[in-house]
Amino acid sequence: MTLEELEDNENEFNEEDQRAIEMYRQQRLAEWEATKAKNKFGEVLEISGKDYVQKVTKAGEGLEYQGLVKHTGGCHCGAVRFEVWASADLHIFDCNCSVCKKKQNRHFIVPASRFKLLKGAESITTYTFNTHKAQHTFCKRCGVQSFYTPRSNPGGFGIAPHCLDEGTVRSMVIEEFNGSDWEKAMKEHKTIKNMSKE
1 MTLEELEDNE NEFNEEDQRA IEMYRQQRLA EWEATKAKNK FGEVLEISGK DYVQKVTKAG
61 EGLEYQGLVK HTGGCHCGAV RFEVWASADL HIFDCNCSVC KKKQNRHFIV PASRFKLLKG
121 AESITTYTFN THKAQHTFCK RCGVQSFYTP RSNPGGFGIA PHCLDEGTVR SMVIEEFNGS
181 DWEKAMKEHK TIKNMSKE
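All residue numbers for the sequence shown refer to full-length UniProt numbering, where the first residue is 1 and numbers rise by one.
Just so you know, these hints were derived from the structure itself, not from any lab. Hints may contain errors.
[Unchecked claim] Calculated lysine-lysine pairs in the DSBU-like style (CA-CA distance at most 35 Å, straight line):
id	residue 1	residue 2
1	Lys103	Lys187
2	Lys193	Lys70
3	Lys102	Lys190
[To be verified] Derived Cβ-Cβ restraints for the label pairs, each shown as a range:
id	residue 1	residue 2	range
4	Arg19	Lys119	49 to 57 Å
5	Asn130	Glu16	33 to 41 Å
6	Asn96	Trp32	30 to 38 Å
7	Glu16	Thr191	29 to 37 Å
8	Asp181	Lys119	20 to 28 Å
9	Met186	Ala20	17 to 25 Å
10	Gly143	Thr72	14 to 22 Å
11	Asp181	Gln26	31 to 39 Å
12	Glu175	Phe129	21 to 29 Å
13	Lys102	Glu122	55 to 63 Å
Ideal Cβ positions, reconstructed from N, Cα and C, are used throughout, including at glycine.
Starting from the given sequences, assemble the full structure and let the hints guide the process.
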């Protein structure tokens with residue numbers, strides 16, 4: 001049926017037909033929006049808070065990494081504690097996207113398998129915005145973000161070096177990342193996409 005035929009016969013549709021047509025239209029619109037988002041941002045997977053806590057708690061169990069150092073750290077009040085395997089020489093990203101600029105988020109990125117939450121799963125809350133890929137986790141009590149899941153590496157963690165315990169970091173190199181023009185910066189950066197890969 002063409003659009004003209006549909007308009008000509010519009011008065012012949014009963015209430016049930018109109019509900020069915022509207023439901024079909026809403027379904028197609030949702031599919032179109034999902035396809036548009038997938039084309040722009042890639043596959044978007046939703047994860048519940050409980051699943052996120054399990055992912056963080058079980059990551060890195062029983063693993064040691066040759067040539068890497070086991071760093072420990074946490075939030076200000078001590079409710080959240082973690083360990084992470086990374087180099088003693090850290091490559092820090094200083095992002096200037098809207099949220100990172102406000103909270104002065106400087107971080108290094110590791111694969112999820114090299115991170116383990118030691119305590120505080122119940123003390124963590126999460127803030128997301130825009131694409132909701134980045135999981136900005138922070139302590140509910142003191143408000144400190146000691147780690148989070150970056151949009152650039154949803155399979156890993158961004159660790160705040162200033163939240164590490166003293167004694168394991170030898171040096172830090174800070175690289176500015178133009179998160180205010182995120183898509184362009186990601187396209188131009190040669191290595192950031194792969195930092196959460198083994």
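These are the hints, each one checked on the structure:
no.: 1; hint: Lys103 with Lys187; in the structure: holds (24 Å)
no.: 2; hint: Lys193 with Lys70; in the structure: holds (23 Å)
no.: 3; hint: Lys102 with Lys190; in the structure: holds (26 Å)
no.: 4; hint: Arg19 with Lys119: 49 to 57 Å; in the structure: holds (52 Å)
no.: 5; hint: Asn130 with Glu16: 33 to 41 Å; in the structure: holds (39 Å)
no.: 6; hint: Asn96 with Trp32: 30 to 38 Å; in the structure: holds (33 Å)
no.: 7; hint: Glu16 with Thr191: 29 to 37 Å; in the structure: violated (57 Å)
no.: 8; hint: Asp181 with Lys119: 20 to 28 Å; in the structure: violated (38 Å)
no.: 9; hint: Met186 with Ala20: 17 to 25 Å; in the structure: violated (42 Å)
no.: 10; hint: Gly143 with Thr72: 14 to 22 Å; in the structure: holds (20 Å)
no.: 11; hint: Asp181 with Gln26: 31 to 39 Å; in the structure: holds (34 Å)
no.: 12; hint: Glu175 with Phe129: 21 to 29 Å; in the structure: holds (24 Å)
no.: 13; hint: Lys102 with Glu122: 55 to 63 Å; in the structure: violated (26 Å)
The structure fails to meet hints 7, 8, 9, 13 from the earlier list, while all remaining hints are met.
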